[in-house]
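Taken in sequence, the protein lines are chains A and B. Heads up, the first sequence is in UniProt numbering, so the first residue is 1 and it goes up one at a time. Heads up, the second sequence is in UniProt numbering, so the first residue is 1 and it goes up one at a time.
Treat the hints as calculated values from the structure; they're not laboratory data. This structure is a prediction, so every number in the text was calculated from the model and none was measured. The C-beta atom is built at its ideal place from N, Cα and C for all residues, glycine as well. Some clues are possibly wrong.
Unchecked claim - Below are the DSSO-like pairs computed for lysine-lysine, each with C-alpha atoms no more than 30 angstroms apart in a straight line: (1) K139/A / K37/A; (2) K316/B / K342/B; (3) K60/B / K167/B; (4) K263/B / K139/A; (5) K312/B / K60/B; (6) K263/B / K107/A; (7) K284/B / K139/A; (8) K384/B / K334/B; (9) K107/A / K10/A; (10) K263/B / K140/A; (11) K342/B / K325/B; (12) K263/B / K186/B.
Said to hold, decoys possible - Chain B is nowhere near these chain A residues, computed Cβ spacing over 12 angstroms in every case: (13) D17; (14) M20; (15) K62; (16) N123; (17) E142; (18) G152.
Below are the chains, spelled out letter by letter.
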Amino acid sequence: MPKECFAIGKRAVVCQDTEMKGEIDIGSGTVLHPQCKILAESGPIIIGSNNIIEENVTIINKYHIFSYSTQKNIHNIYINNYSRQPTPLIIGDENVFEVGCYVEGSKIGNKNIIEAKARVLGNTSLGDNCVIGAVCSTKKDEAIPNNTVIYGDHHNRRTQTASGGVSFNK
Amino acid sequence: MSQQIDARQRSYVHYYCPCPDVSKSNNNTGEDEEEDIVESIPDFDVNSPRIHFSTFPISKLYFCDDCHQIRCPRCVQEEIVCYYCPNCLFEVPTASVKSERNRCARNCFQCPICQNTLTVVASTEPPPPQPSASSNSSASTTSGAPYYLSCGVCRWDSQEIGMTFEKATGLALQLQKTEDERPDVKEFDHLKDHFEKHLRLSAPSTTLPSSLLSIPGISSFSNRYGGGGFTHPQQKSDDVAKYNNTIKIENDDNLVHDLVQLKDVNQITTLTQRMNQLSDQPYKVERLQPQRIHLRTKRVKRCRSCRHILIKPEQKAQATRFKIKLVALNHIPKLTITSLPKLFLNQSTEIILKFSNPLYEEIIVDLALKKDETTETTEYAKIKLLAPHFNITPYNEVWEYDEQDFNISSKGRPSSTASAPKPDIGIYERRGNYTSVKIEITPLAEVDELKVRESTPTTKSLFFWTVIGLGPVVNPATVKPPAPTRSPLTNNNSNVAPTRTNIN
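Just chain A, same shape as in the assembly (with noise of 0.2 angstroms):
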């Protein structure tokens, strides 16, 4: 198991009731709302600087197996795992993860917006400046581009923003 251990940066604010597990690491200025949950089962999570988690949020790092296998091959995958070095989930700046969105990619940029009810799932990487859509999700395993909207309900529509226009207020 890996040990508890908690890097708190300066004018954070992180609310009683929330559920932290694993080596968690947040920047300055990051807000996490009570009831949020970040497990860093097989590996750190590193947040950076003026992120917004909102509540009933889950930030998870954990073990994937990239594909179903047959009875036989299972077995093989959970050795290779026990075996692996922990990987580090890095969640960049200035990203907003609204109302119950689950996260569980490899890494996430700066300045997203993940709306309510969304997933990333498996191992994918999100760019700088994305908008996972509510309740939409990505594939398991995939590189997303910088600047990508992903909405709608068939929730794999995407298109690409012009880079400008959303700014925080400081």
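Here the structure of chain A is known, so what remains is to put chain B in place on it, guided by the hints.
For chain B alone, kept in the frame of chain A given last:
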């Protein structure tokens, strides 16, 4: 787990409206009304495809007090009360609806990519480099002159196509000029001018009652038959001179060339996007433009046979209440399936149907499968009604405030336990204003059927068929033991169970 959820999602209770059955005789005036009507109801064949068009969930049905019949959305007559914009809730006066082509004339636009409403956003100016501080510091975060439209869902904005506005209001007016320059609009105006004098020669258009306005195209229909009565048709065609096109549009050969070289299907527009811009229906995403939002109507619904108003909304666009609201939920019992265990082939299971009474009087319910039978064996299932005759106590508003009284049925009897004077066979539970009954089903084949009949309160009787869909039937022989593999279903058709209900 997900299969269980699927079965529940596919199970339903729909009510049948007999309006498409024209052959049924409507003139039953015998004293023994119940028997006559029983025989005259045509046999209800659940598996015919026309059932999908005439069965509805109770939320979509209305009830006519005069005729004492269920009315479905297909057999009500609609009249338009007012036109309003769904975004700004502005009531458009009927006269200007036609001139604005049924669209909102104010700031309401629709995103060309995802069809959601666009918001007007002011572009922020970058903060000025010199410190002429006091006057400019406030301007650094507030609006600059160019306004543009932006979509909150797909993050499109009109700066991508170069559309910006000077003022934040009256955007449609600012766009009017570019709209008038479009080739199809100009051509249409030329056509109108050309035919103007011929239009004026024919008789003036008849004014239609507003009740018929809901049918599109009816004004042109009446013009053709009502107007040309006196003009000689031969003379009329001679008067029309030959029309020459004034606008020429060249074939766009570059477009074909570009389409042939496409690597990614995301670069062309989808069918929905093209259908929303009917004037030119572009293939390229850059040529899509925001359209004005379509107006919606508030309508009055009337019963087709007695012209009695069933639904009358309020005139104001913001008001959601109704002045008259005769919906089926308030008049006929609502059937819900409260317990639906998985249905296995050749295994008898009990499902529980809950009947809840919305009226202030007690009702007596007679359930039957077709023609007064309580058990039935079709090729799909063997069905047995365990409680063919029962009553439901009336609704009492006091129960909403005090949970305790809810458990006691009327006349002070305790809820159905062994101490009740008569044994209530087949009745699962009797509480408040509802009664739940059990029905035993043994599916014999892949699709399941059930027919039940109900009757109405003592003064009048009402009967209707209901269709109960019970979800898929699983063949247990093919279910594998729980493992990473998922167990296959033998048949994915939803089971349709028609029930005829008579309420006494």
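So, going through the hints one by one against the coordinates:
1. K139/A / K37/A: 22 angstroms, holds
2. K316/B / K342/B: 48 angstroms, violated
3. K60/B / K167/B: Given that 30 angstroms is the threshold and the Cα spacing comes to 44 angstroms, the pair is violated.
4. K263/B / K139/A: 22 angstroms, holds
5. K312/B / K60/B: Judged against 30 angstroms, a Cα distance of about 15 angstroms means the pair holds.
6. K263/B / K107/A: 29 angstroms, holds
7. K284/B / K139/A: 27 angstroms, holds
8. K384/B / K334/B: 21 angstroms, holds
9. K107/A / K10/A: Holds. K107/A to K10/A sits at ~23 angstroms (cutoff 30 angstroms).
10. K263/B / K140/A: Holds, at roughly 24 angstroms.
11. K342/B / K325/B: 38 angstroms, violated
12. K263/B / K186/B: Violated, at roughly 36 angstroms.
13. D17: 29 angstroms, holds
14. M20: 29 angstroms, holds
15. K62: The claim holds: K62/A sits with its nearest Cβ about 19 angstroms from chain B, beyond 12 angstroms.
16. N123: The claim holds: N123/A sits with its nearest Cβ about 21 angstroms from chain B, beyond 12 angstroms.
17. E142: 15 angstroms, holds
18. G152: Since the minimum Cβ distance to chain B is about 6 angstroms, G152/A lies within 12 angstroms and the statement is violated.
Violated hints, in rising order: 2, 3, 11, 12 and 18; the structure is consistent with all others.
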